[in-house]
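Colleague: Mind docking these for me? Both chains are given alone in their own frames, and the hints should help you get the complex.
Residue-level listing of the chains:
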Amino acid sequence: MSLSLHAEDGLDRGGAGTPLLEARALTKHFPLGRGAVVRAVDGVDFSVMKGETLGVVGESGCGKSTTARVVMQLIPQDKGEMLFDGEAVGSSALSLKDYRRQAQMVFQDSYASLNPRLTIEDSIAFGPMVHGVPKSGAILRARDLLARVGLDPARFAARYPHELSGGQRQRVNIARALALGPRLVILDEAVSALDKSVEAQVLNLLMDLREEFGLTYIFISHDLNVVRFISDRVMVMYLGEVVEIGPVEELYDDPRHPYTRALLSAMPSMDPDNRTMEAPLAGDPPNPINPPEGCRFHPRCPQAQTVCSKVKPALPPVGGGERLAACHMEIPGSGHSRAPALEDAA
Amino acid sequence: MTTPLVAMENVTVRFKGAQTVHAVNGVSLTLEPGKVLGILGESGSGKSVTLKTLLRLLPERRTEIGGKVMVDGKDVLALGAQELSDYRGAVTSMIFQDPALALDPVYTVGEQIAEAISRHEKISRREAMKRALELLELVRIPSPERRLKAYPHEMSGGMRQRAMIALALAARPKLLLADEPTTALDATVQIQILLLLRQLQRDLGMGVIFVTHDIGVAVEVSDRLAVMYAGQIVETGTVRELISNPRHPYTKGLLAANLHGAKKGERLEAIPGAPPALNEPPSSCSFAPRCRQAEDACRTGLPPAIRLGEGRLVRCTKVETPLAPA
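Line by line, the protein sequences give chains G and U.
Going by our numbering, the first sequence wraps up at 661, each residue one higher than the last.
Going by our numbering, the second sequence wraps up at 408, each residue one higher than the last.
Looking at chain U on its own, in the form it has when it is part of the complex (with noise of 0.2 Å):
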């Protein structure tokens, strides 16, 4: 078997302040190199600060992190000042929702690209130029010459995105983290950036986690898939296995939610109440309150996580374990 690129074990994630926020709880994921998954949930899921603590992103006095977190080998969570900072960009490198805020207005994008790539390699300005126009032609931006001149506010929103996605890649990562990086973007945009980003994926072999709030697009760009609910993952799987077979009850409303194939004029499946509040650890199963089959077992201890097979595990008291292999 060969060594995961990404290993979560068992992580924790809480932030201290006037109430305590418990924002992850117990995540464990892998993830093999050259493959995406997909991470899915909505707000306050704990999906992006999963994705933050893989890149020590987390304001450090205010966050306890426990577990572990193993990127390509290393110990994220005990990677000293100098060797994160070679870690970000080089190892793993991120994109965000509004690259108009993740870009710096006063600098070209040129210039950022450029930089990030001197950051990490013994490189002539001229050399790192001439690699920043490959990468804006890698990520297909129309007339690069000219772009590599521009201020991030003289392009429009899919070309900014492709813009922030080059320099993402400036150091060549081996693990590409995306943070809802179409969600802000027209749907004629929106498809084009992830067929790019697919298409990036596949040339460059890279490892990617991308999240998202939704399935459409988690379908469209990834290998499997991951559901977060209250700061745990309650179901994983192949992106086919959950489409087609979704076992844990929030899956399965989130599906009927999607619309997709809704009946016109009938009442939607729509799963009741809220998201919990998250001052607490959780005691027991956090969806059960929303949840139509839920009993007291729910109500009373933590749902095990059942295996199904290969990678693919529900966090569901009613699901039924298969049968041990004869």
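Chain G extracted, bound-state conformation (with noise of 0.2 Å):
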């Protein structure tokens, strides 16, 4: 039995070269009453093409997990699309219920993730039962999947999530997320709660699955390492805003944006003899209530000038490729004395 589906049957209907997902100005605001307001994703603009993964990283607040929520449409957005395979989603051509079929999402909890009363292949066959699958075949595909992610269907098929290891229930979690042959799967800091041992284990896992089934990954963590690791783009996410996007080595070698540079060297050196002696940021991130004017990042930027408290800096191209930040430093003409100037624009 194959598990890939869209290969035969012709769902992947954009071609190579059509981004599986992309968000066009995604807006999601959430009114706190008396006026204000969080912003907690304020218009961010993305693609994921079709076999990549995509890493989003950003401290609390910065809005990647209400990123994932409106993605997934577990919240709808107040403003902007989503086009899925170049697709509209919630239109005519796409339907939520087949766009849900197909994107599908791993929590940071493992075990509030799954019903308590449900033994885990129940869990892991719900989905398919739900969009039609007989009872037999699904709970087939439930052990078959139990099996790919390393559980032994004979052991482990009957129990529930409270006799699992949390390594274990994150691996039925993933079962679960396949269990409907999605093309889009994200992962919201879905090996942060694991021990470091494990973690390995399950990073190894989502390394082979994305092989096996051609997936396509958006990975949400706070981990730098991990990050760094499994994906081949970088997001960095700052107060409900992209402030920089990029292939991952040229992101992590020669960050652009001064927030990326912070959080990276924010990072523990693992040298004992070259600690670090100075933090990069004084203060702690903003909440995303009132953020600050212009730049977002401003009130807490080294290199801020005047035109970075009053312009908010737009996402342009830096240095070729598909490296965007958007820093007014990367910007010809920008009025920041650090900027390229505009002719060399041209």
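Hints are computed from structural coordinates only; laboratory data are not their basis.
Among these hints, one or two may not hold up.
Unchecked claim - In silico PhoX-like pairs for lysine-lysine, Cα to Cα no more than 25 Å straight-line:
(1) G:LYS365 with U:LYS345
(2) U:LYS346 with G:LYS365
(3) U:LYS117 with U:LYS98
(4) U:LYS346 with U:LYS334
(5) U:LYS334 with U:LYS400
(6) U:LYS256 with U:LYS134
Modeller: Printed below as a string of structure tokens:
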């Protein structure tokens, strides 16, 4: 039985050049009452190509989890649109139900994600049954998936979530996410709650499954080492906005946005002879209720100038390729003294 | 040789209940005054329980503690109620992972710190508040006068963690126990708190035991490291020795799992399986079921603690004993 459905049933409609997911100006605000609004996601654009893994990093309140929930349509966006393989999500061409079969998510808390009163094979079979697969077939597929995520079905299929360890439960969640043969899997801090030795096992599993089923991942994590390891491209978020996006090695080796630089240099050095001597930033990330005017990072930015507090920087390409950084120092003629001159841009 | 600030000898901790849990199984460690020891381990390794034993924070009725715990010349396990409350805070104090739970929500930060000071010293309230202000300055909380009157919920996570550190330092302890104090913080805040702790430790000459699951964090703050697995210390040494030349297979696995220098696209050398349940005291190497190098000897008896040098121990049968000095 093949679990990888999309190659055969012609689901790959747009062809290799069309991004699997394209988010345009996604916006999600949460009103708090009395006029206060949490600008959780504020005009986010990105695309994920077929078969690639997009890492998303940022600190608490940057909007990475809200972005994931909007992409999954667990919460509707206020503004903006999403194209899945070239078709608008929720349109007549791609209904929400069809989209949800092709996009699945794995959450951080492996226990809260599973129904405690269902055996794990029932949990995994639940989705396919909702989508019309008869129960016997769904259970067969669930057992097959359990084997593929490294859990012997004979031993584990009839167990309840509380009878498993955290690493095993997360394997079940991954199997359940794959039960509908999705093309896009969103992993929201999916390995963060696991112990390091178990985390490595699950990362290996995720890489194997990506290859086996031709999956596309959006991998959200606060752990910059893990993101570097698993991602092809990385998107850095700050206070509801994308500040930088680009191929993983370029971005880690030569971060262009001052926030990306700070985030990377806040990583522990792992070298006792070369310890971090100075914190790259002071204070905590501000909360997204009343984000600063202009560039949202300017109050904490060591290179901020007048223009940064007045004008919001766009996300222009830097250094060719697909590198983008929303910083006035990268925008020709922006008025920042370190910006490239206008002529160079032509 | 100086007297160590902390000397634990063959400490065992058992939790009694429907099932006995053997949380700590023969831990011996020493800490010299003014030094930082990092204890590295995963959940259930016994690192936090070891730390709490030093402050006698475990529930007395359900806990059986064996062995010997000496801190600053005091036999911690023999302290009476009054001695214990004099000991807590003044000799040894502790900071926790979640300052929102460790601080009292109904008192201002200043009141809490002042109370901790006057618990140990005869001092006027005014004087205690003045000292509280100095402590907030010491931990570099911006606009400290204002924060003195703030409640914990009015502060950000990083600021609360600083306030908790100030509270822990109120009675000038000689030993500070830190239980994952930066785990809940964002990366850019974590490094600020680590640097602050490092500086305070140096300036005040405190001994620190820092418990964490994060190797990077441990390397950033510690002089020496102890790696724990299933309630035992499996390897100790200086940070440099453990990072550049780990000898226990578990330490090696942990370093590989940290992804530092991992090659993209290549499979990680993951440690298979999961840590053991601790329903029985160990009778053989606890790591053997997950160890690729395990042989019969590992499964039949407890591994010897092999001494590789001053303060450098490895609990593994497969590590060769260095030749006796001629």
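Colleague: The structure should be examined with respect to each hint, and the outcome stated for every one.
Modeller: Results of checking the hints against the structure:
1. G:LYS365 with U:LYS345: Given that 25 Å is the threshold and the Cα spacing comes to 23 Å, the pair holds.
2. U:LYS346 with G:LYS365: 19 Å, holds
3. U:LYS117 with U:LYS98: Violated: U:LYS117 and U:LYS98 sit about 34 Å apart, past 25 Å.
4. U:LYS346 with U:LYS334: 19 Å, holds
5. U:LYS334 with U:LYS400: 13 Å, holds
6. U:LYS256 with U:LYS134: 16 Å, holds
In summary, the structure is inconsistent with hint 3 from the numbered list given earlier, while agreeing with all the others.
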